[in-house]
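Protein chains in written order, with the working numbering: chain R, 1 to 301; chain A, 1 to 148.
In short, the hints are calculated from the structure, not lab data. A virtual CB, placed ideally from N, CA and C, is assigned to each residue, including glycine. Check each hint, because a few of them may be wrong.
From the derived model, a few chain R residues whose C-beta atoms are all more than 12 Å from chain A [as the list claims (entries may be wrong)]: (1) Trp173; (2) Gly266; (3) Met275.
Derived pair list, reagent style DMTMM-like, types lysine to aspartate or glutamate, alpha-carbon separation capped at 20 Å [claimed, not checked]: (4) A:Lys103 to R:Asp64; (5) A:Lys44 to R:Asp63; (6) A:Lys147 to R:Glu234; (7) A:Lys51 to R:Glu268; (8) A:Lys44 to R:Asp64; (9) R:Lys236 to A:Asp120; (10) A:Lys103 to R:Glu234; (11) R:Lys247 to A:Glu93; (12) A:Lys141 to R:Glu280.
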Amino acid sequence: MTRRSRSAATLATLLVAGAAAFWLLTRPAPLPASVVPSHELDLRNGETLFHAGSCLACHRPPDDAPGDHGLPSGGRPFPTPIGVFYPQNLTPDPETGLGRWNEIDFVNAMRLGISPSGTHYFPAFPYASYRSMTMADLLDLRAYLRSLPAVRSGPRAARVPLLTLARRGVGLWKRIAFRQPAFSPAPGHPLSWTRGAYLVNAPGHCGECHTPKDVLMVADQSRFMAGGPHPGGEGKVPSLRGLLARKRYKSADDLVLALQNGETLGYEHLSSGGMAAIQENLARLPEGDVQAIAAYLLSLE
Amino acid sequence: MRLSKQAVASFAVTGMVLGASLAVLADAFQDRHMAMEEIGDAMKALGAIAKKEAPFDAAVVKKSATTIADNLKTASGLFPAGSGGGDSRAKPEIWTDAAGFEKTLKDAQAAAAALQSVADEAAFRPALGTLGGSCKACHDKYRLPPKP
């Protein structure tokens, strides 16, 4: 072989090896159906989780779509720096919704960000938070979604450059992001605080916006809930630390009223940057859960 | 280079017009900021009653609601095209969806007017809720998140 053909062969080998490594490192590894325990379903709990997660805020239909805008039939454009996503229809429609998803499909989506067809979801779907939800809660949430009326929606593929390759590449991101342990509340706190910590960090996924991300788009835990640039591109997301010390709220009761009423009681900070829709969902939680969220948030210093 | 008198004059006029319109835009931002601050202060007084931190007082309600109604009336003229950007949290949708913006502002004006004539506490809470809801509807759609 000439020197030139030898170096071409080396390059080809490296490329093949690189592609093989990429393929192996990014391979989705869904959980088997055997991990789903037998569980007595609680629809009320599922509904609470649906509101705690503000699922509707992103999975709403587009403004100009016909039908019930209180149902999570999806399709409303969700712009991100890498492209536009169209969140999934969460109603039980068999063609365009979750009608054909079984329990393990739902668990894999929420825990690992893997679709029923075995591809990675982009983390615009905040499974990095949802993976901290308990199995019982996931099953109750799925049961609640299945109890909603089925709505047929127009399926729309995400508009992201090099979609298939980028989707596969999410596997690399997961290898880094999932190195952070799933959230579990620190021990030694009152029951209400523990409940609030869970609601805020697991279903509530508040940190997806309120905790800034590092260069690899992984939550920077050293700046936990410290606020940061707004994911929409303009303005900032406020810090949730030191809310009492910074005189943002007078007391836990004050924060509860704010979360329940938002600007209808003059709490004007809760209606910009997408927070109004989230506040409206939080207002549907049982009062004890709102109090738990307030107790936890006010403990962040 | 020598410029004709007309050229100098037209430059001067252009400059003055440009300067004046920039001043108008900057004033619009300042003026609506002041209006919003006054509305915010009035809402605090109303919120205190709703949260039972202060007793219901029809006179306070009327005074606060009038402050809000008056400021909302002037607000219509405080969003000239081109007065967004910079420190302003006005979203471009105010001008691209001018009809929608005008409607939410009208809703707020109507809600403030209704609150002015509230006589008792039972009518006060829902009326304040409607007004606050109209503030929320507009802020949600037409206001950017806080600036860094």
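These are the hints, each one checked on the structure:
{"no.": "1", "hint": "Trp173", "in the structure": "holds (25 Å)"}
{"no.": "2", "hint": "Gly266", "in the structure": "violated (4 Å)"}
{"no.": "3", "hint": "Met275", "in the structure": "violated (8 Å)"}
{"no.": "4", "hint": "A:Lys103 to R:Asp64", "in the structure": "holds (17 Å)"}
{"no.": "5", "hint": "A:Lys44 to R:Asp63", "in the structure": "violated (32 Å)"}
{"no.": "6", "hint": "A:Lys147 to R:Glu234", "in the structure": "holds (8 Å)"}
{"no.": "7", "hint": "A:Lys51 to R:Glu268", "in the structure": "holds (15 Å)"}
{"no.": "8", "hint": "A:Lys44 to R:Asp64", "in the structure": "violated (35 Å)"}
{"no.": "9", "hint": "R:Lys236 to A:Asp120", "in the structure": "violated (40 Å)"}
{"no.": "10", "hint": "A:Lys103 to R:Glu234", "in the structure": "violated (25 Å)"}
{"no.": "11", "hint": "R:Lys247 to A:Glu93", "in the structure": "violated (32 Å)"}
{"no.": "12", "hint": "A:Lys141 to R:Glu280", "in the structure": "holds (14 Å)"}
When held up to the earlier numbered hints, the structure conflicts with 2, 3, 5, 8, 9, 10 and 11 and fits the remainder.
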